[in-house]
Structures are given as structure tokens and as C-alpha cells.
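There are 2 protein chains.
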Amino acid sequence: MQVKLSDLGMRQRPSDITRLMTFALKQPNMLSLAAGFTDNESLPIEDIRELVEEIADSGAKGKTTLQYGTNKGRDRLRSLLAKRIRSLDTIHESQLDEKNLFISNGSQQALYLAIQTLCDPGDFVLIEQPTYFVFLEILQGFGVNAVAMPMREDGEIDLAGLERLLSQFESTGNLDKIKALYLVSYFSNPSGHCVSEKVKSDIGSLLSRQKVPIAVIEDAAYRELYYQHPFESRSTVVLESFNQLPVLYTSTLTKPYASGLKVGYAYCSDTKWLNSMLSVKGKQDFGTANFAQAILEYALASGRFDTHLTSLRGLYQSKMLTLHESLGDSLKSLGWEWEEPKGGLYLWLKSPNEMRTDGESQFHKSCIENGVFYVPGNLCHHGNEIRSQIRLSFGSLNLADIREAANRFLAAAESMTVSAIT
Amino acid sequence: MQVKLSDLGMRQRPSDITRLMTFALKQPNMLSLAAGFTDNESLPIEDIRELVEEIADSGAKGKTTLQYGTNKGRDRLRSLLAKRIRSLDTIHESQLDEKNLFISNGSQQALYLAIQTLCDPGDFVLIEQPTYFVFLEILQGFGVNAVAMPMREDGEIDLAGLERLLSQFESTGNLDKIKALYLVSYFSNPSGHCVSEKVKSDIGSLLSRQKVPIAVIEDAAYRELYYQHPFESRSTVVLESFNQLPVLYTSTLTKPYASGLKVGYAYCSDTKWLNSMLSVKGKQDFGTANFAQAILEYALASGRFDTHLTSLRGLYQSKMLTLHESLGDSLKSLGWEWEEPKGGLYLWLKSPNEMRTDGESQFHKSCIENGVFYVPGNLCHHGNEIRSQIRLSFGSLNLADIREAANRFLAAAESMTVSAIT
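Protein sequence lines, in the order shown, are assigned to chains A and B. Count along the first sequence starting at 1, add 165, and that's the number in my numbering. Count along the second sequence starting at 1, add 165, and that's the number in my numbering.
For the record, the hints were derived by calculation from the structure and aren't laboratory data. A few of these clues could be false.
[What the hints assert, rightly or not] Derived pair list, reagent style DSSO-like, types lysine-lysine, alpha-carbon separation capped at 30 Å:
| # | chain 1 | residue 1 | chain 2 | residue 2 |
| --- | --- | --- | --- | --- |
| 1 | A | Lys-530 | B | Lys-437 |
| 2 | B | Lys-248 | B | Lys-237 |
| 3 | B | Lys-248 | A | Lys-530 |
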């Protein structure tokens with residue numbers, strides 16, 4: 166396979182998330198319910214000011230936060246994060262060794278490293294429907310095939326269907342090309358769905374019975390962004406049925422605090438896989454920015470992180486409710502469907518009569534004309550023709566703008582109904 | 166090509182730089198002249214405190230430095246950096262469009278993206294002897310072959326030799342597999358060498374005459390870390406002979422200011438290649454940490470960056486002189502050779518009678534026993550058997566420790582001479 170410079174543009178298609186984020190940032194009059202930005206008003210700049218004061222006041226130790234760090238990340242931060250996972254999963258120290266945890270440039274980089282080290286072009290990765298759309302772009306970038314798992318009506322993976330799917334791969338001799346199963350298990354981007362412990366546990370049992378090892382990548386980016394209560398489902402790090410499987414658990418300090426710091430983390434149960442990811446990270450950047458890590462380490466250690474997170478939970482719930490209620494009965498009476506999430510940053514809508522909502526659709530155009538922007542749901546799917554869903558993010562807009570955006574969205578929805586009647 | 170999980174450890178060999186940096190950080194009694202860390206004492210923590218104050222005081226604009234940014238990087242920072250390159254190269258605005266400039270996680274990520282988008286396994290990249298050893302690891306990680314260019318005695322590329330090399334590739338039908346030529350053109354890591362404008366310009370002419378486009382990657386990480394005067398050689402961005410070639414110019418705000426912030430930048434003359442790199446970056450992290458970028462943007466705009474850099478120049482010169490003079494006549498009398506650099510962080514030593522200095526050598530063991538650590542020069546070579554060179558970094562140690570490290574190094578060198586005699 167030879168690639169000439171003139172073909173370079175063909176090697177990578179433009180990233181949808183990049184395009185959407187850039188578009189949203191450059192259209193000041195557009196109200197964007199698209200990009201998964203976090204709330205602007207509540208960004209903890211005063212916290213950061215004081216944390217940097219604290220770092221600057223701590224002498225030589227503070228100064229060296231401006232030095233290179235290690236490839237794996239700051240020891241104390243990794244220790245605090247290991248404790249954090251243990252506490253969420255109520256497990257003992259011995260069951261989660263912080264040696265297996267590393268810091269990444271957002272959880273995004275950990276997902277990228279996972280696929281880069283696991284897969285070759287032509288391999289397969291199992292995904293939920295819908296799934297995190299940037300993950301689909303990562304797969305596409307490496308020439309890896311996404312395989313949508315059969316889903317139940319309630320948004321859970323259909324275990325019997327998954328078993329049949331695996332059998333089909335086995336019967337065609339392709340089972341060993343399935344390298345991973347990807348789960349967005351808490352307040353999913355885009356659907357807000359949580360995977361129950363029972364289903365998760367059954368997945369572990371099913372995969373453990375296969376003749377080849379299939380890695381599990383659990384993306385827990387929104388796990389702590391619940392509104393009232395954590396979702397009661399332990400992670401693949403601790404569930405017994407995953408004991409014999411290579412597991413990567415990824416999460417982030419970005420979404421629940423300050424996305425501009427871009428610090429994520431990952432725990433990997435398989436030492437070889439971990440070392441392989443670290444080796445690639447050593448070439449990409451030999452370590453995430455030490456200073457950004459230090460700020461988050463101090464934020465976690467001082468309790469500021471959790472204080473902020475607690476206030477964010479209430480804030481996002483009120484933003485969610487504002488969008489949910491502003492669309493409310495009016496939109497439902499037009500036949501749109503969605504569920505009220507219990508955490509995360511998104512509403513996941515289904516259009517009436519499978520009306521198309523993709524980027525080429527009349528509805529999408531109508532929304533842009535009305536000054537509101539969303540993520541077409543088809544970007545979150547692969548290998549099917551579902552084009553009638555929409556992800557709305559209420560993360561970045563303030564309450565007044567959320568109401569206005571909802572009105573614009575409603576106007577677009579109503580115009581479609583009118584044009585369908587007339 | 167199938168890779169099973171059990172083979173994962175084989176896909177990537179451990180990174181030398183990662184190993185060295187970790188080793189150096191974990192041996193408190195070892196004096197490390199190995200890793201290219203920057204000076205600890207002078208790290209600008211007070212600058213950072215005040216810059217964060219300034220950001221925090223600037224209202225909504227300041228707050229949004231904690232929000233996601235764009236994939237390409239902050240507009241104002243990119244504009245300031247474009248101006249900076251223009252000023253170094255004394256060119257007009259029209260000749261360098263800041264649209265073609267993006268921000269990366271240190272210049273390391275830009276180098277990684279360059280190879281990831283240009284090359285397929287089995288391709289070739291031309292390198293200097295010696296060259297930046299982490300770049301060799303990037304090539305190895307992608308299965309790309311490094312091809313050492315013939316060099317003159319004075320450290321410049323031998324143009325006639327390079328022409329013969331290209332002819333050989335053409336005659337075997339492999340010319341189109343050479344994807345890039347990599348130059349570390351200012352105060353090179355590891356040799357301190359600068360590429361003259363004449364040689365650089367001739368390289369452009371030679372490459373322009375080839376039947377296939379060969380990209381040029383100019384690594385200018387140390388360009389501004391001169392001691393007294395900038396090295397008088399314009400970059401490939403502006404030199405006329407490169408006009409028709411795809412050029413990537415990479416540099417960093419890390420080495421000359423605060424390595425813990427990890428912000429680099431790259432200018433690419435080829436829009437397709439640029440977009441290809443940005444597309445991959447969109448998948449790796451969709452943008453370098455916005456807050457770290459903002460700190461450096463404010464540091465550049467306020468003049469703090471340049472004030473600090475000016476003081477660093479004097480500091481590194483005095484550190485270089487301390488190491489240079491501490492080794493001085495004693496080491497030279499043993500037959501060791503090196504030149505006094507005019508910028509950068511390294512001395513590049515040749516051992517007497519080609520005595521081995523690689524990681525397996527008696528001399529390396531002797532240095533470790535004496536409590537001093539260096540980078541074996543063979544890591545900076547590929548495709549030859551040069552094992553008698555050494556890179557010494559004076560970046561991180563203070564003056565007293567540099568003297569002590571020099572004494573330990575001398576003791577090791579003397580012990581080898583004694584053991585050779587006895």
C-alpha cells in the first residue's frame with residue numbers, strides 16, 4: 166500500500182466532531198444544541214486561580230509542576246484516581262492496582278490508544294446502537310469495522326442476539342478478528358442510557374466463554390455527572406465475570422470540572438496492553454501536560470473538585486429540565502419521543518414517523534434556518550439506516566438560551582408538520 | 166495481519182526516552198546528564214501565577230479558557246506564533262498564512278502526526294546522523310525505515326552523497342517510497358549542530374528535481390534557545406527552493422518557557438497534508454488543552470515569554486560553559502572530542518579510539534557506578550555501528566551538580582583509561 170502526497174487528503178476524512186465544534190464556535194447567532202461543551206458560566210476560574218496560588222506557594226514542589234512529568238502521569242494524581250474508582254465501585258485496594266492506571270489527554274486519547282494498539286485494518290469492534298460518534302471516527306481512521314450489537318427496546322444490549330452475532334463470526338472463521346467490545350455505560354453520550362449491572366455482568370460471562378480473548382472498553386466519562394444519585398452498577402474493573410478479560414476503563418476530569426484542562430485517565434487490567442498503550446503515548450507526547458495534571462491533583466486533594474461537581478449536578482439537572490420542559494408537550498404532541506435522563510448532558514430524540522433528521526434532511530436545514538443546531542443521530546450509528554434521531558446537548562447554553570433554542574427547534578418541527586399536511 | 170491480545174506486548178517496544186526519563190526521575194542520588202529536562206530553578210512559576218491572575222480577571226473571556234477550544238488551536242495564539250516565525254525569517258505576512266498553523270501537544274505530537282499521515286509501513290524517511298532519537302522511535306513505531314543521509318565531517322549533509330542515495334532508490338524503483346526528509350536544523354538535539362542556509366537551500370533544490378514529492382520536516386525546537394545570537398539561516402518555510410515542496414515546520418513553547426505546559430506548534434505549507442494531520446488530531450484529542458494554550462498566549466502577548474527566554478539564554482550558556490569547562494582539558498587529554506555549542510541543551514562527545522559508550526558498554530556501567538547518567542549516542546543513529554558517542558544534557562542540573570556530574574563522568578573516563586593500560 167503506497168500513499169503519495171497527492172493522495173494525503175484521502176487518508177482521513179474530515180472529523181465530524183471537529184467540523185461541528187468549529188461550526189458552532191464560529192456562528193455567534195446560532196444557538197447550538199450540538200457540541201457537548203460544558204457550562205460556560207460555572208467554569209471554575211476562581212478555583213483555578215486559588216489552586217495555582219497554592220501550587221505557586223508550595224516552593225520547589227510547586228515549581229516542578231512546570232517541568233516535564235512522566236509518561237504515565239503524576240503519582241499522587243494516579244493514586245487519588247485509583248481511590249476514586251475504588252470508592253465508586255466499593256472495592257478494596259488489592260483489587261485495583263494504581264500501577265495499571267495512566268493519565269491521558271482527555272479520555273479521548275485513551276480510547277484512541279486502545280484501538281491503535283488492539284486493532285489492525287479489517288478488524289472488528291462491537292458497539293452499542295447508538296454509540297459515541299467520535300469513537301466511530303477513531304475506528305474509521307484505523308480502517309477498523311464497527312459492528313452494531315443487537316439492542317433491546319429498553320436500550321440494553323440483547324444478549325441472545327449478541328451470542329448469535331458471535332456465533333456467526335465464529336462460523337465464518339472471523340471470531341479472532343473481533344478485538345473489542347465498546348460500552349458507554351453511564352449516562353451515555355448520546356442516549357443518556359445506563360447499562361445495568363446484570364446486563365454488564367452477562368456480557369462478561371458471554372465474552373469469557375468465547376475461544377478468543379475480546380477486550381472490553383468501558384467508557385465511563387459521564388459516570389459522576391448524575392443529577393441525584395449515582396447509577397447503581399459497578400464497573401467492569403470489579404465485576405467478577407470480567408476477571409479473565411482484558412478490560413480498559415476510561416474516564417475524565419474534564420467534563421465534570423474544566424474541559425479546557427483536558428486531563429483524562431484510564432485503568433487497564435492487562436499489563437501487556439497497558440504497556441503497549443504507554444509505549445505509543447511515549448511517542449505521541451511522552452506524557453500529558455504536567456501542570457494541568459497538577460491543577461487537577463490539587464483540586465481533588467483539596468475537595469474543590471467534589472464541591473464543584475456537586476454544584477454542577479444540580480446545574481445540569483436544571484438545564485436538562487429546562488430543555489425537557491421547553492420542548493415538552495408541544496413537541497410530544499407532534500409525535501416526537503424521548504426520555505428524561507438521570508445524568509449527563511444530552512436529550513436523545515426520535516422523530517415522528519421516522520422523519521429524516523440527518524445532515525442532508527429538510528428538517529436539518531429548517532433548524533439551521535431557524536438558528537438552532539444539533540447533532541444528527543445517524544452519526545451515532547453504523548451499519549444501519551436509522552436517520553430519524555437527534556442528540557441535543559444542554560451543556561453550554563444558559564437557561565434563557567436553552568428556552569430560545571427549544572422554541573426554534575419547535576418552530577422547525579412545526580414547520581415540517583405543516584409542510585407535510587399542506 | 167492479525168494481532169492477538171497475547172501478542173500485544175510485541176507491537177511496541179518500550180520507548181527509550183520514556184525509560185530514561187522514568188529512570189532519571191526515580192534515582193535521587195544519580196546525577197542525570199541524560200534526559201533533556203529544562204532548568205528547574207528558573208521555571209517561571211511566578212509568571213504563571215500572574216498570568217492566571219490576568220486570565221481570571223478578564224471576565225467571560227478568561228472563564229472560557231477553561232472551555233473546550235478548537236482542534237486547530239486558539240486563534241490569537243496562532244496569530245502570535247505566525248508573527249513570530251515571520252519575524253525570525255524576516256518575511257511578509259502574505260508569505261506565511263496563519264491558517265496553515267496549528268497547535269499541538271508539544272512539537273512531539275506534530276512530528277508524530279506528520280509520520281502517521283505521510284507514511285505506510287515499509288516507507289522510508291531520510292534522517293541526519295545523528296538525529297533526534299525519539300523521532301527514530303516514532304518511525305519504528307509505524308514500521309517506517311529510517312535512512313541515514315551521508316554526512317560531511319563538519320556535521321552538514323553531504324549533498325553529493327544524498328543525490329547518489331536518491332539515485333540508488335530511483336534505480337531500484339523505490340524512490341516513491343521515500344516520504345520525507347527530517348532536519349533538526351537549529352542547535353540540534355543531540356549534536357548542537359545548525360544547518361547552514363546554503364546547505365538547506367541546496368537540499369530544497371535537490372528534492373525539487375526529484376520525480377516524486379518528498380516532504381520536508383524541519384524541527385526547529387531549539388531555534389530560539391541560542392546563547393548570544395540567532396543562527397543566521399532562514400527556515401524552509403521561506404527559502405525559495407522549498408516553494409514547490411510540502412514543508413512542515415515544527416517548534417515548541419515548551420523548551421523555552423515551561424515544559425510542564427506542553428504546547429507546541431507547526432506550520433504546514435501543504436493544505437491537504439495539514440488537513441490530514443488535523444483530522445487525526447481530531448480523533449486523538451480534538452484540540453490541545455485550551456487553558457495551557459491561553460497561558461502561553463498571554464505570556465507571549467505580555468512580553469513575559471520573551472523576558473524569560475532572554476534570561477534563559479544567559480542561564481543555559483553559563484550551564485553549558487560550566488559543563489564544557491569542568492570536563493575541559495582533563496577529558497580532552499584522554500582523547501575525548503566535542504565542540505562548544507552556540508545554543509541548545511547538549512554537549513555531543515566522541516570517545517577516544519571509538520571506545521564503546523552504548524547501554525551495554527563497560528563505560529556506561531562505569532558511569533552508573535560513579536552516579537552519573539547519559540544518553541548513549543547510538544540511540545541517535547540508525548543503520549550504522551557508531552557506538553562511541555554520548556549526549557550530555559546540562560538542562561536540568563544546577564551549576565554545582567553539573568560540576569559534580571562532570572567529576573563523576575571524568576572519574577569513569579579515567580578508570581577506563583587505567584583499565585585499558587593495566
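Hints violated by the structure (listed by number, smallest first): Going through the list in order, the structure violates hint 3 alone and respects the others.
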